[in-house]
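**Q** First residue of the sequence shown? That's 12 in the working numbering, and the numbers climb one at a time after it.
Accuracy of the hints is not assured; some may be wrong.
Unchecked claim - With a straight-line Cα cutoff of 30 Å, these simulated DSS-like cross-link-like pairs (lysine-lysine) come out:
(1) Lys38 - Lys112
(2) Lys38 - Lys90
(3) Lys90 - Lys65
(4) Lys91 - Lys38
Keep in mind that the hints were calculated from the coordinates and are not lab data.
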Amino acid sequence: MTDTPIRAQRISCIDERKCRGKLSLGKDALTVEAWSFRGRIDRTISFVDLESVKAVPSRTGNNLFLQYSDGRITGLRLKKGVVFVAHTVNDALGQLRMERKALPASVEYRQAV
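My request is simple: use the sequences and hints to build the entire structure.
**A** Structural data, given as structure tokens:
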């Protein structure tokens with residue numbers, strides 16, 4: 012990710028493999044930089060690829076779930092700031108949806124007579 016992250020948090024991945032690392036929240040993507048038993052994980056997740064992000068209270072398991080547009084779900088455990096990350100990403104997703112539904116600039120608006 013080239014831009015400066017809005018926030019970076021330590022994470023533990025508990026879904027498909029155990030890992031430790033960092034989640035960085037950028038303007039238009041999440042970046043996961045972590046280590047697992049299988050090696051290094053460097054993944055940039057564009058907000059365009061996400062359907063929703065959910066924060067759930069949990070003392071030991073995943074507390075942040077990323078649901079992709081294709082239906083896949085990835086679980087992460089953030090040490091802190093989980094609600095902030097979920098809220099910020101969901102706001103960005105809502106903004107993207109509004110931009111997709113906006114009419115093109117070439118459409119002429121006519122007043123009903």
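**Q** Confirm or reject each hint.
**A** Right, here's what the structure says about each hint:
1. Lys38 - Lys112: 20 Å, holds
2. Lys38 - Lys90: 21 Å, holds
3. Lys90 - Lys65: 15 Å, holds
4. Lys91 - Lys38: Satisfied, since the Cα-Cα distance of roughly 19 Å is no more than 30 Å.
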